[in-house]
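Construct the complete structure from the given sequences, taking the supplied hints into account.
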Amino acid sequence: MSRYFTEDHEWVDVEGDTGTVGISEFAQGQLGDIVFVDVPEAGKALTKGGDAAVVESVKAASDVYAPVSGTVTVGNPALADNPALVNEDAEGQGWFFKLTLSDPSELSSLMDEAAYAAFVAKQ
Amino acid sequence: MSEADLIDDTGEEPAILTLPLDAWHRARGGRMVEFAGYHMPVQYEGVMPEHLWVRESAGLFDVSHMGQLLFRTDDGADLDGALESVLPGDIAGLKPGRQRYSLLLAEDGGILDDLMVTRLPDENPFDVQGLYMVVNGATKFDDIAYLLDQLPDDILINHMEDQALLALQGPKAVDALARLVPGVRDLVFMTGASFEWDGKPLWIGRSGYTGEDGFEISIDSEYVEALADALCAQPEVKPIGLGARDSLRLEAGLPLYGHDLDEAITPVVADLGFALSKRRREEANFPGAERILAEREVGSAVKRVGLLVEGRQPVREGAAVLGADGAEVGRVTSGGFAPSLNVPIAMAYVPAALAAVGTRIQLSQRGKVHHATVTAMPFVPHRYVR
Numbered sequence: 000m001s002r003y004f005t006e007d008h009e010w011v012d013v014e015g016d017t018g019t020v021g022i023s024e025f026a027q028g029q030l031g032d033i034v035f036v037d038v039p040e041a042g043k044a045l046t047k048g049g050d051a052a053v054v055e056s057v058k059a060a061s062d063v064y065a066p067v068s069g070t071v072t073v074g075n076p077a078l079a080d081n082p083a084l085v086n087e088d089a090e091g092q093g094w095f096f097k098l099t100l101s102d103p104s105e106l107s108s109l110m111d112e113a114a115y116a117a118f119v120a121k122q
Numbered sequence: 000m001s002e003a004d005l006i007d008d009t010g011e012e013p014a015i016l017t018l019p020l021d022a023w024h025r026a027r028g029g030r031m032v033e034f035a036g037y038h039m040p041v042q043y044e045g046v047m048p049e050h051l052w053v054r055e056s057a058g059l060f061d062v063s064h065m066g067q068l069l070f071r072t073d074d075g076a077d078l079d080g081a082l083e084s085v086l087p088g089d090i091a092g093l094k095p096g097r098q099r100y101s102l103l104l105a106e107d108g109g110i111l112d113d114l115m116v117t118r119l120p121d122e123n124p125f126d127v128q129g130l131y132m133v134v135n136g137a138t139k140f141d142d143i144a145y146l147l148d149q150l151p152d153d154i155l156i157n158h159m160e161d162q163a164l165l166a167l168q169g170p171k172a173v174d175a176l177a178r179l180v181p182g183v184r185d186l187v188f189m190t191g192a193s194f195e196w197d198g199k200p201l202w203i204g205r206s207g208y209t210g211e212d213g214f215e216i217s218i219d220s221e222y223v224e225a226l227a228d229a230l231c232a233q234p235e236v237k238p239i240g241l242g243a244r245d246s247l248r249l250e251a252g253l254p255l256y257g258h259d260l261d262e263a264i265t266p267v268v269a270d271l272g273f274a275l276s277k278r279r280r281e282e283a284n285f286p287g288a289e290r291i292l293a294e295r296e297v298g299s300a301v302k303r304v305g306l307l308v309e310g311r312q313p314v315r316e317g318a319a320v321l322g323a324d325g326a327e328v329g330r331v332t333s334g335g336f337a338p339s340l341n342v343p344i345a346m347a348y349v350p351a352a353l354a355a356v357g358t359r360i361q362l363s364q365r366g367k368v369h370h371a372t373v374t375a376m377p378f379v380p381h382r383y384v385r
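These protein sequence lines are chains Z and F, in that order. Mapping of the first sequence onto numbering that gives the first Met the number 0: residues 0 to 122, in sequence order. Mapping of the second sequence onto numbering that gives the first Met the number 0: residues 0 to 385, in sequence order.
It is worth saying that the hints were derived from the structure and are not from the lab. Built from N, CA and C at the ideal position, the CB exists for glycine as well. One or more of the hints may lead you astray.
As a list, the in silico BS3-like pairs of lysine-lysine whose alpha-carbon atoms are at most 25 Å apart [claimed, not checked]:
| no. | chain 1 | residue 1 | chain 2 | residue 2 |
| --- | --- | --- | --- | --- |
| 1 | Z | K43 | Z | K97 |
| 2 | F | K367 | Z | K43 |
| 3 | F | K367 | Z | K47 |
| 4 | F | K94 | Z | K97 |
| 5 | F | K94 | F | K277 |
Interface residues of chain Z toward chain F, partial, derived using beta-carbon atoms under 8 Å [as the list claims (entries may be wrong)]:
| no. | residue |
| --- | --- |
| 6 | D32 |
| 7 | D37 |
| 8 | K97 |
| 9 | E112 |
| 10 | Y115 |
Rendered as structure tokens:
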């Protein structure tokens, strides 16, 4: 399994043609206490860089973009009752949705963990 | 995610000013953002814990961006009458040491700012006989220009740019402050008096913007860092950012100028009729009196209301209020998650027919419909010490 990151602070874990998407530990720290997550429904077609989900902190609503194109298979049901999971475990149990990748070649434009760590260090 | 949401605006734009406590906020981990033309801390440890801390203990807010003004006259001119020409409050009836919430009104009765005005007692740190006013930071320069234009030339206005302002808010604020400044317990809500701390003169009023008991402390900016340190050394006190200031005032039902109030809105529409003093209503001689008193008599076409939003998702400023046919009939002007209530709440302007408490209404935000119920404000009861 490989993990990729976007410059907009989403991550995607890829196994075969299935991707699991969330926001990074850095992003959750910047957002602060998360009170609501609007995840996409199964069957929704997403385009790389397009709107995929909304995450709401006490302060503000933020768009989450699709790191790759594909079709949503499931939104994380645990976030409805416990959006704070994103604060507690952003890169684990706080995942947002899973999708079937339509163009795995898009992954080549994303950062790996080391590159993302260097990117965040400059922020 | 969108960069603008994540990356702080600590950029190099020279137009953004710094406040006396700038380095102090940064040293305490404050995340700085631009607000009202200044770099200000939006949060330290997080909006949620800071909000809850103020409700149960005491929080220190740096509100030095607000405008502190003095009004006086040297030739016996009618100072109270001059102020009453732009405010609908009873200024002449304001006793020394008493503070009043009022509204700066445009000639048509629209709200240019909301403010606090206090009659200074003879002994005060500003060494002035007259009135002390605190106005919003984002509007202070426009306010001053308007006041200079409207008031007679023999009314002197002093904008105290070297004076810092701290707010200490919360049920334990009195315990913490009384340890440093004995005597503040004798103040009650909406009164103020002169004090000293470490030999430095203070002006302290018992009021605030959270719905909690608390104080606003004016001190020469040269000494404000030492006072902030001394206050935060008290076990009850933590520094609190703008994020929690906003969620606290929203729960308290208090409007924010530039969001819930603007020059197109009159006091009656804003549900601030209490700011129209009885004598002033009878005299009907404040700006826009004819229009405002007519609205008071027959009711205004739209009104500011509180909303309890169903579900978990906050509905924020800019969301539409929908009528029965799905058309937009009003706007949300403030909205967010209420940490003390654990639900989303909002303020909105709605038509009179939808303004009654208990009315269920529809809101639209980013293409999604939300349901809400009109509710009495404050959302969280005020706990002022009267």
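Exercise. Hey, does the Z:E112 contact hint survive, CB to chain F under 8 Å?
Worked result: violated, 18 Å
Exercise. Taking the closest Cβ pair, is Z:K97 under 8 Å from chain F?
Worked result: violated, 18 Å
Exercise. Within 25 Å, alpha carbon to alpha carbon, are F:K367 and Z:K43?
Worked result: Roughly 16 Å separates the two Cα atoms, so the pair holds.
Exercise. Is the straight-line distance between the alpha-carbon of Z:K43 and that of Z:K97 25 Å or less?
Worked result: Given pair Z:K43, Z:K97 holds - Cα atoms ~11 Å apart, limit 25 Å.
Problem set entry | Supplied contact hint for Z:D37, tested at 8 Å Cβ to chain F | holds, 7 Å
For this session: Quickly compare the C-alpha distance for F:K367 and Z:K47 to 25 Å and report which way the hint goes.
Result: Since the Cα atoms of F:K367 and Z:K47 sit roughly 23 Å apart, the hinted pair holds (cutoff 25 Å).
Exercise. Is the hinted pair F:K94 and F:K277 satisfied, with a Cα-Cα distance of at most 25 Å?
Worked result: holds, 16 Å
Exercise. Taking the closest Cβ pair, is Z:D32 under 8 Å from chain F?
Worked result: holds, 4 Å
Exercise. Can we keep the Z:Y115 interface hint, with Cβ of chain F closer than 8 Å?
Worked result: violated, 13 Å
Problem set entry | Restraint status (C-alpha distance of F:K94 to Z:K97 at most 25 Å) | violated, 66 Å
In summary, the structure is inconsistent with hints 4, 8, 9, 10 from the numbered list given earlier, while agreeing with the others.
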